[in-house]
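Chemist: Sequence:
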Amino acid sequence: MQPPVAIDRLSGVLDRFRVRTELHHSGELCGISHFDAGEGYGYLHVLRSGQLDVRHPGARDVPRSMHFDEPTLLFYPRPLTHQFHNPPVDGPEFTCARLCFEGGAANPLARALPPLIALPLARVPGLGAAIELLLAETGQVRCGHRLLADRLFEVVLIQLLRWLLDHPAEAGVSPGLITGLSDPRLACALVAMHEAPGESWTLERMAQVAGMSRTAYVNLFRERVGQTPADYLNDWRIALAQGRLRAGQPMKLLAEQLGYANPSALSRAFKAKVGVSPRAWLGTTGARADAFRIRSSTSSPVSGGIPGPP
Numbered sequence: 027m028q029p030p031v032a033i034d035r036l037s038g039v040l041d042r043f044r045v046r047t048e049l050h051h052s053g054e055l056c057g058i059s060h061f062d063a064g065e066g067y068g069y070l071h072v073l074r075s076g077q078l079d080v081r082h083p084g085a086r087d088v089p090r091s092m093h094f095d096e097p098t099l100l101f102y103p104r105p106l107t108h109q110f111h112n113p114p115v116d117g118p119e120f121t122c123a124r125l126c127f128e129g130g131a132a133n134p135l136a137r138a139l140p141p142l143i144a145l146p147l148a149r150v151p152g153l154g155a156a157i158e159l160l161l162a163e164t165g166q167v168r169c170g171h172r173l174l175a176d177r178l179f180e181v182v183l184i185q186l187l188r189w190l191l192d193h194p195a196e197a198g199v200s201p202g203l204i205t206g207l208s209d210p211r212l213a214c215a216l217v218a219m220h221e222a223p224g225e226s227w228t229l230e231r232m233a234q235v236a237g238m239s240r241t242a243y244v245n246l247f248r249e250r251v252g253q254t255p256a257d258y259l260n261d262w263r264i265a266l267a268q269g270r271l272r273a274g275q276p277m278k279l280l281a282e283q284l285g286y287a288n289p290s291a292l293s294r295a296f297k298a299k300v301g302v303s304p305r306a307w308l309g310t311t312g313a314r315a316d317a318f319r320i321r322s323s324t325s326s327p328v329s330g331g332i333p334g335p336p
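In my numbering, the protein residues as written are 27 to 336.
Think of the hints as simulated: they come from the structure by calculation, not from any bench. Built from N, CA and C at the ideal position, the CB exists for glycine as well. Treat the hints loosely; a few may be bogus.
Label-pair ranges, simulated between beta-carbon atoms [said to hold, decoys possible]: (1) V302 / D116: 51 to 57 Å; (2) A85 / G301: 24 to 30 Å; (3) S37 / A291: 28 to 34 Å; (4) E54 / P276: 50 to 56 Å.
Using the sequences and the hints given, assemble the complete structure.
Modeler: This is how it looks when you write it as structure tokens:
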């Protein structure tokens, strides 16, 4: 069976693990602007004009300093302390948004992306029109401009994610969800699992959906995703369970939806992955916290989009 030529690789993930964007700043930034990881937000900065020096105090996975002198998009998908060093007057122009990933550090997209992606705006086809609308909307105060700017930032983010799916190596993305979805054969199987996590996904069935032999499928999956198909499916199911537990769904219903024989089987799989039972996890401060905020992060190599001095 040959996989289809075209497939929607993003909607299934974004429908289940939403990313909220909030307009944070529009206009000049002068002097030193500090973005603290302790606030729990990711950021999406659009350098509209001028030059920028960025510093990452104490960071090990990104350059300590970087310089930009053309319109550039800086994407911090997880909390990472960064500082903008600009002239005290007549600083560069920015439009910035804070990012809130549903599920926090457990969000599959947040977990799969590098800590920083920096790209000239001209490098991402189709981004120009969305940026122009965004800048026009944030250039003056009009009725509903903040809400519209939030939605336009979501459009910019989706355009960027599309580009990453097509250029994972150029962006420095490590093996994981993004690199798996970038392969047309694996994408077919991954999207099918995302859409129907409760079905019986045997290795034979996954390989058939991908249009591959079982051995070839397993080897390619390990190479591109960095884990076995069974482990990935289990991680996806547990991530879904966490989100639905936060929403108040009972274990019995979750077990049925996610393909477990009974609530006990789900509870055992949950504890093996998370380290505590679902009941104990729900009782923790982190589980009760705002599901849209990121409280911790994982490490990935920095994007190779724009090199900066050490």
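Chemist: Against this structure, judge whether each hint is valid.
Modeler: Status of each hint after checking the structure:
no. : hint                    : verdict
1   : V302 / D116: 51 to 57 Å : 53 Å, holds
2   : A85 / G301: 24 to 30 Å  : 27 Å, holds
3   : S37 / A291: 28 to 34 Å  : 29 Å, holds
4   : E54 / P276: 50 to 56 Å  : 52 Å, holds
Comparing the model with each earlier hint shows no violations; every hint is respected.
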